[in-house]
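Turn these sequences into a full structure, and let the hints guide you.
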Amino acid sequence: MFDTRRLRETVLAAWTASPARFREDANAEEDFALGGYRDRLVVELAQNAADAALRAGVPGRLRLSLRHGVLLAANTGAPLDEAGVEGLSTLRVSGKRDEAGAAGRFGVGFAAVVSVCDEPSIVSRETGGVRWSRAETNALVGARPELAGELAGRDGHVPLLRLPFPVETGETAETTTETAARPSETTEAVAVPEGFDTLVRLPLRDDAAEQAVRRMLEEAGPALPLAMPALETVEIEIDGHARTISTDGWRIATESGAFTPEQVAELFAGRPTEERARPYWEVRWAVHPEARTPRVVHAPTPSDEPLDLPALLIATFPLTTDRRHVAPGPLTDFLVGRAAQAYVRLLQDLPATPALLDLVPGMMGKGELDAAIRREIVRLLPGTPLLPSISGVLPGNQARAVAGSQEFLDKIADMVPGLLPAGWASRNPALTTLGVRRVELADVVDMLSGDAVQDKDPSWWRSFYAVLPADDLEAIGAVPVPLADGRLVRGPRGTLVLSGTLSEALDGAEGSGPGSDARPPLDPALLGPLGLRIVHPDAVHPLLLRLGAAEATPRTVLEDPLTHAAVTESLDSADPEPVSQAVLALVDAAGLTAGEAPWLSELALRGADGELYAAGDLLLEGGSLAGLIDQDVPFGVAAADLVEKYGSHVLAAAGVLDGFAVVNDSDVLLDLSECDHDLDLEDEWIEAVLDLLPEFDVPPVAREFTAVRDLEYVADWTSALGLLSRPPLRAALRPLRVLVAGETVEVPSYTSWWLSRHPVLDGRLPTTLRLASGDPLLFGLYGDAPVGIDESALKMIGVRSSLEELLASHGGPEELLDQLADSSAEVDRAQLRSLWTALAGVDPSRVSPPDAVRAVLKGAIVVAEAEEGPVVVEAPDLLPLVEDRPLVLAPFDLAEALSEVLDLPLVGEVVTGAVTSSGVERPVPPEVRSLLPSTPLSYVEHDDLLVDGRPVPWRFFEGKVHASGVEGLARGLAWASGQWGDRLAVAALLRDPGRVPLLLAEADLDPVTALG
54 MFDTRRLRET
64 VLAAWTASPA
74 RFREDANAEE
84 DFALGGYRDR
94 LVVELAQNAA
104 DAALRAGVPG
114 RLRLSLRHGV
124 LLAANTGAPL
134 DEAGVEGLST
144 LRVSGKRDEA
154 GAAGRFGVGF
164 AAVVSVCDEP
174 SIVSRETGGV
184 RWSRAETNAL
194 VGARPELAGE
204 LAGRDGHVPL
214 LRLPFPVETG
224 ETAETTTETA
234 ARPSETTEAV
244 AVPEGFDTLV
254 RLPLRDDAAE
264 QAVRRMLEEA
274 GPALPLAMPA
284 LETVEIEIDG
294 HARTISTDGW
304 RIATESGAFT
314 PEQVAELFAG
324 RPTEERARPY
334 WEVRWAVHPE
344 ARTPRVVHAP
354 TPSDEPLDLP
364 ALLIATFPLT
374 TDRRHVAPGP
384 LTDFLVGRAA
394 QAYVRLLQDL
404 PATPALLDLV
414 PGMMGKGELD
424 AAIRREIVRL
434 LPGTPLLPSI
444 SGVLPGNQAR
454 AVAGSQEFLD
464 KIADMVPGLL
474 PAGWASRNPA
484 LTTLGVRRVE
494 LADVVDMLSG
504 DAVQDKDPSW
514 WRSFYAVLPA
524 DDLEAIGAVP
534 VPLADGRLVR
544 GPRGTLVLSG
554 TLSEALDGAE
564 GSGPGSDARP
574 PLDPALLGPL
584 GLRIVHPDAV
594 HPLLLRLGAA
604 EATPRTVLED
614 PLTHAAVTES
624 LDSADPEPVS
634 QAVLALVDAA
644 GLTAGEAPWL
654 SELALRGADG
664 ELYAAGDLLL
674 EGGSLAGLID
684 QDVPFGVAAA
694 DLVEKYGSHV
704 LAAAGVLDGF
714 AVVNDSDVLL
724 DLSECDHDLD
734 LEDEWIEAVL
744 DLLPEFDVPP
754 VAREFTAVRD
764 LEYVADWTSA
774 LGLLSRPPLR
784 AALRPLRVLV
794 AGETVEVPSY
804 TSWWLSRHPV
814 LDGRLPTTLR
824 LASGDPLLFG
834 LYGDAPVGID
844 ESALKMIGVR
854 SSLEELLASH
864 GGPEELLDQL
874 ADSSAEVDRA
884 QLRSLWTALA
894 GVDPSRVSPP
904 DAVRAVLKGA
914 IVVAEAEEGP
924 VVVEAPDLLP
934 LVEDRPLVLA
944 PFDLAEALSE
954 VLDLPLVGEV
964 VTGAVTSSGV
974 ERPVPPEVRS
984 LLPSTPLSYV
994 EHDDLLVDGR
1004 PVPWRFFEGK
1014 VHASGVEGLA
1024 RGLAWASGQW
1034 GDRLAVAALL
1044 RDPGRVPLLL
1054 AEADLDPVTA
1064 LG
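Just so we're aligned: the sequence shown equals residues 54 to 1065 in the working numbering.
A few of these clues could be false.
Derived CB-CB ranges, DEER-like [stated by the list, open to error]:
hint, residue 1, residue 2, range
1, Gly-436, Arg-268, 32 to 38 angstroms
2, Arg-324, Pro-522, 56 to 62 angstroms
3, Asp-875, Phe-1010, 35 to 41 angstroms
To be clear, the hints were calculated from the coordinates, so they are not data collected in a lab. These numbers come from a predicted model, not from an experiment. Each residue gets a CB set at the ideal place from its N, CA and C atoms; glycine is no exception.
Here's what the structure looks like:
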């Protein structure tokens, strides 16, 4: 039927006449088979099946089966005809160019079979079939001498598809001279499967070809029927395992049309004639919510043009000659615009859910075509209605995105026009591409003002707080808060939230007098005069506390700055009564104790005389302090009705004086600018404490601070000290523990410091007195402290107990020197020697040079001024040289240390001490060595020893003992031997050497302590 003989003869004649034509056909087929169409076998078979179904107007069906090394492609549709055979056997000549919608349009697609098969065949049930054979073609070409050279040059490779052969269909094959040259006189009959119209049979060349086909079949997906709508079903069977490819679940948008002659002339300029003959265009987008989309442009079969959009694009783009890339030019530009429009329409047809954002492209493309399509889509998107809102579907440039739950968005929908529902991630870059304005949470909070919220009641605000996103507290820190007084303020910081305890315990102030067992409810309006910003009870929500609102317990209300201000200004108020009622009720409910909130002493309260007083200027009638206060101090007495209504304990906690008021505080910074408890001389106490502490970089801190106030008003100190020395006030006398420079140091408490500097003990300063049981060395220097007061308490306020504690205390050495310089103080010589001995052990840096010292002058104890030239004696042989000076006498081995402490010279620093007379050197009597083993061997005897021109009994000078007389020699030898204590025994020995045994026996009887 197909007259394959004529086709073969025509081609062979042309090749014979022009061997170059043979070479051209062979090269072209090889280029298409191994180049542009090398991996498109399945696509090209599907394309032919689709065109056949379209031509016949029937539903397309394609079955691809791979079994035993043979690929079978069965399809429905129009059967093979002469034009089809001619097109299949002729390169670049398509028989479908006048068919609108045909996928094949270049006449080269069937060449893809050459890459895997040497014996392809096509058979239609109605019209029969044709086949091609590389071996038979090679035989026919080899029989032509004219082509022998070309065939040899190609190593026997011939164009496979140019010479068609008939296919046996059960009848005898045509017999020709050519068939005689075939290796076999017959071919295997090809049967079209039931239900199909045409079958393509491809015996695969080898294992590599089979593996390539298997891969192409496995990779085949919905792109096939999507690119070729005429195919309703594509079935793939590999070694008996079958699957069906369909377009179920795919959303498709298609645009198509025909070009006018003017458009053809403009857009097809420079394009091949074959394309001009098909003036049709079509663009199709397909997307599936789950399926992976091929990331290349289909034109309409797959190209190598990358497309990184999550959708399949099938369009009639013009291709380059390799059929792999889209050719640039006006036609491509036209189709880019139509593709962008179709893509936007596809998005409009999809459900308006956040999944839509995954389909919004970015600007960066994988290639020029991808980028061009993206740019055009991005240009169209902002004005395209795609996004849902309360008012309907809106273009992106009219929509607003806010992060938050749907409940939150419902609350603000009236204030933010074009608001997207929840789930549309406000920071998704796709929203920016769509032109959506992202509204930050802080901006939403700013919108909550004026008419937008004027009709919102407190309960609405509570429900709003419940859904307000709280991940970024700073962003919502200015959220409005309705107050109990009707105001709407910005930001919870500085507001108070009534706690359940407060609303129950502080809802009343009446009946809390001394005889009441329970506090009745307090009217919330009672707190109004304090100017507090109390959150309306119906608006209360835990979020407000996280944003800075304080829970309004009685204590937090009292600590609020507005309460402080109301208390401070109450005395100047025209009507302070409401403020005092509110504050006293809060003090009662908070359970404050006296001294816990010292600032409350400024609260204006009525006195018994009807006048207004600061609470700290009022006394409780009959209180323990009332009898101790100086009657000339202008204190008032608290009004009786206040005592009856609130009780003395509440008034005392508010600062009214009952007993001594005690200030209690914690973590007190000992700094003049920070520590202020309204205590008398508090700044001086701080300075005194700082002087006692080591150097520091960070101000010291007292963890627990307790002090008794109003000490300056006491008149009866005997009774007052009785109270202060007993618990609980005694705690205020104990040393204060201060954390400084990483260590804990004890310093005098404020109360003990203040008492130590005032004449509170029978009109005398505590620091001028000593305990009755104190150190005897202090007798005469300090007065006797009164008896009947606890001695431990007396010590804490500065009464002296021992010399050791005095010298160890800050300023103690200077205080002792001051006492010694007081001429009215009585000190005996032994006591004075012990005091100098003790002072010699003091670090000189702790003592300032005294203006006067207690000294000995010609045997009498005197007070000598510094300008009178007192000296410290370091050696006994110098005494005669300074007998007219005041002498500071102490053990000679302490003289140098004492000189540094007192900043007084040693005797040797004020006299020369040179021997100015002449003498004779004589040996020391041997008997002396029995008492003084280390005595010098000789001494210098003088008739009249002169030192600095003055007569003296002895002198140890420049390593020599100089003496005149027995007494001087005994002293000089004892001093030179370092046994000054044995000087009298040596003198006795020198007078009567026979007494040596007796003196040695007496020395043996010395007690052990003496030996040490």
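So, going through the hints one by one against the coordinates:
no.	hint	in the structure
1	Gly-436 / Arg-268: 32 to 38 angstroms	violated (45 angstroms)
2	Arg-324 / Pro-522: 56 to 62 angstroms	holds (58 angstroms)
3	Asp-875 / Phe-1010: 35 to 41 angstroms	holds (39 angstroms)
Hint compliance for this structure: hint 1 is the single one not met.
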